[in-house]
Amino acid sequence: MFPSILQSQKQVPRERSTERHSEPVRIGVFVCHCGHNIAGYLDVPALVESARTLPHVVFAHDSLFTCSDAGLAEIRTAIAEHNLNRVVVASCTPRTHEPLFQTACQEGGLNRYLFEFVNIRDQCSWVHMNEGERATQKARDLIRMGVAKAALLEPLEEVELAVQPAAAVIGGGMSGMTAALNLARRGFAVTLLEREPELGGILRHLNTLYPTGAKASELVDRQIAKVRDDPRIEVLISAEVREVRGSIGNYELVVHSKQFGMDLPVQAGVIIIATGAEELKPVGTYGYGSDPRVITQQELEGLLSENSSPLPSANRSAVPAGADAPSPHPTVVMIQCVGARDETHSYCGRTCCLTAMKNAMLLKERNPETEVHVLYRDIEVHGTHFEDYYAKARELGVIFSRYTPEEPPQVVADRVIVYDELLGMRLGIPYDLLVLSTPMVPRPGARQLAQMFKVPVDEYGFFLEAHVKLRPLDFATDGIYLCGSAHWPAHLDEAISQAYGAAARAATILSKEQIRASGVVAHVDEYLCRGCERCADVCEFGAIEFIELERKASPFNLPIQPANRKVAQVNPVMCKGCGACAVVCPTCAMQAAHFSSEQVTAMIQAALGG
Amino acid sequence: MDNFQPKIIAFACNWCSYAGADLAGVSRIQYPPTTRVIRVMCSGRVSPMFILEALRGGADGVLVTGCHLGDCHYISGNEKAVHNVEMARSLLGLLGIESQRLRLEWISAAEGARFADIVREFTEQVRELGANPLVAEQKHTVREGATLS
Amino acid sequence: MNYQPIIQRTRAYLCLDCGKCTGSCPLARVDLDYSPRRIVERVIFGEAEAVMADPHLWSCMTCGLCSARCPSNVDFSRFIVEMRAEAFRAGERGIYAHNGILQEVMRIQTMNVHQDRTGWLEDDMQVSEDGEYFYFAGCLPFFEVIFADLEVKALDIARSAVRLLNRAGIAPIVSNAERCCGADLMLAGDVDSFRRLAELNVETIKASGAKKVVFTCAECYNAFKTDYRGYVGQLPFELMHLTELLSEKLGAGKLELEARPGLVTYHDPCRMCRYLKVMDPPRTVLASVPGLELVEMEDNRERAMCCGSTAWVNCSGCSKLIQKEKLHQARETGARVMLTTCPKCQIHLTCASRDLDAEQAVDVVDLTSWVGQALA
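Chains as they are written, first to last, in my numbering: chain G, 1 to 610; chain F, 1001 to 1149; chain E, 2001 to 2376.
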């Protein structure tokens, strides 16, 4: 339409409405009887007659079952004999039969998008069985609408892209490694990226695992060995993603490797995000950060795994007057929900109750004399194993006291003061070690990573899946998947299951040699585009990017300000064709192919009497 | 009023409400032939202009349908539909066109009966409102029928 | 089709091919394929059909800068508008911005509507059923809805207008039967709709008994003053911009404005400076606001640069380049606020300013709103 006045990096083919095409529009209309299903309730011959009178219709015919071999052959023959360049079939529903007729058109030499379906069965004959002429009139209107749209249809391209049969897994913890191994086993090359100098993730900081008591180091070392042994997995440690380009099937990452001191390119067809989470360090709360006796659960695990006595020597000299008599036994107090379920992080940390129980039981097993108090708000031990685990902790003598958020525990001198609801009294528990159970929080850099990949995060910074029930491991952006605590604080078995799931999702793409984008995508007119970005603001799929167009030089070399201009560019592979961008575009630069404003308006006008 | 058959332009999204309408068909649920459905990929595609164009063209009612909130195939397209329909409604209010002529409904692919019920109900509602006033007195020339209020 | 009448009426035959029009044209400066003189030549040389099929036909902003400079006084804007009317009749259309919602709203007003568009009135405002003055608010209630995201606060213009009129001792008539002035439809070739809107508006105002019509929109004012008589004959009432009325009252000592200190610049809408030659009254009003300092842009008054978009048609990346240039001129004055007397100029420039960073952005505000907000 507009001559491309600005030198674009890629020529976007732009076709005007068909009146301006090199050839006049010639539409063929095929009205289906569908046996008795349509013909029994609508006057099909009358529909054919009225179709013949419509603008641009050069051929109209009815058939008993248009979807039969004979019916499809009729379409192909008519295209050839009558030189049709648009086809309308009035029969059942596009939701089942559109691909079939589109293929017939394609076989007849037409682009498959030059086909329009009119629903006169599921939404007409079947639901207006006793309406007689009124039902036929509705079908007449619907056919007129379909023909009006068909006259404005454009041939559309289905972009085909070769898929790079390789995956990039970001995060070398248990879920990342599990996903990598699973994909490698399926025969795909995997690049596993880990920011730290070692693989292993959070498990490197853990002692034993609930509910089995297995040693974390054994599990993770075994997994690391498998990963290192697998020739299809390339491991990059001390590596961070700096840049991402491309889309599903063809991602290109720029990874900075501290190990080699340079940037490395990584090609992948799919990405799996498995960056995990980390323990919240509640500096300033309960003396954490200043008092060496106050530690987090993870720090306790560190002490427990070193096999040293985690308890500093008891210093009981100071006994507040009137307080409970100091216990002769070493005492550990654990406070649950520190920095969780409050204004800062309103969610439950999920893993902290079980972690506390695990460590409490270990302390009791090492020295049964130890008094272990767990101060909790609620106990989260869903399912069978975990209920038993809790019961065992109580059996071993761990003392559980409930507190309310209105009256949280306080540390005064060497005691933890807590109001026990059940007992109805205030307890003062002297402690040798105060362990704070804090939730997992997203790792620093998660938001930046999300921005780089154009995937969303929730209000806490955890990555947000495409659909909480239907697509829990996908992102709305194609070709990127999610597993482990990067998504939500996860138990180890969940992290591993999700890793298998994400690998399976990724494999559905990697196992294809090519992926085809639908032709029903948005197109940008670069002349009309103002670069305002309203389109990208509403695109859920990250399908719109902005490029700089250079202006043609003035023939007289006049300084023309500003020099360059940015315009939108749609990635046809990422675009899902919803059309939301077309609605917000202030200049109609963005058009939704196959559902353009012109086409829909023509249908509205045709419906109302044309 | 008995032989006034309202003409309703209905927009239905490919993934939910259009499928719901198909299900009504498969289930042979009968409803009045007052709607003319325009299929779109997402209810969020329905711009305020389509709605006003339909009413300007003489439609007695406009029905915009899509997936239930939270279930949109395109994540938030139906939320955009809410915004677009609200804008159209505000404009109709200024123009003095009855707000009840425009309706937004969420219909899932499993709700064939609901689609039929809504068509039935909306048809009656529009029938009571009467024919689209914009075109009703179109026959008068300006000099004869100019209304000053 | 004989294009001679159009060529004659607009003096296009006098085109000397000097190129001053193209040299002045803000669009030609950013779109090197757009040339006003080439359009004229093509029609004269018998290529009118091709011109009518060319999308560039709808890109001209009718800002009038070309005609102001043309040594032969060719009325290029009128030429374009008349060609557009022909093209429209032949089924051609410009590209309607915002998905065509503005055109829908305008066209619906040619039909049997019973509007409810005076809801913006507030209890403290005095309006009357009859009287000498009719306040023509134009499409402000629709802009308020359609451009809510731009926060231009279109209805503040109407509210300020009534308050200022009240201050000046006037209780204007405000009517629900008002229609869009139709200028944007005429400029986009739809002259039949324009005629109908003109007829309806004139009927409404005549029936009200008002003898003076006050506008806050340069486009509406120009439509009535310049174009209506060609369609509905001589108008039986006087027309004025609010700033003209206010500057008269200020001069006669019948009005005082509240202080509103600040540094501002003023954008002359094309209709005000080149079409209607109303340039002093807005400045007089601003000069009467205590504490307000007005600094002029490099191109002001008759030379003022167009706001870049017209008739909600063919808005494009080029429009934005023009708008950025304009906003740049505004920033160069040192002011961060640009006042104007056309709500559409305000909308277009605000839209473009939205995409600039804080360093380059300018607050574009309607003059009536700005002054009206200073009322106690």
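Incorrect hints may appear among the rest.
Claimed, not checked - For lysine to aspartate or glutamate, the following EDC-like pairs were computed, each having C-alpha atoms within a straight-line distance of at most 16 Å: (1) G:K469 / F:D1071; (2) G:K566 / E:D2355; (3) G:K454 / G:D537; (4) E:K2225 / E:E2248; (5) E:K2277 / E:E2302; (6) G:K454 / G:E395; (7) G:K364 / G:E395; (8) G:K566 / G:E548; (9) G:K566 / E:D2357.
Unchecked claim - Chain E is nowhere near these chain G residues, computed Cβ spacing over 10 Å in every case: (10) E74; (11) F260; (12) D474; (13) S597.
Just so you know, the hints here were simulated from the structure itself, not pulled from any lab data.
Cβ atoms here follow ideal geometry from the backbone N, Cα and C, with glycine treated the same way.
**Request:** Compare the structure with the hints numbered earlier in the document and write down the numbers of the violated ones, lowest to highest.
**Result:** Of the numbered hints, 4, 6, 13 do not hold.
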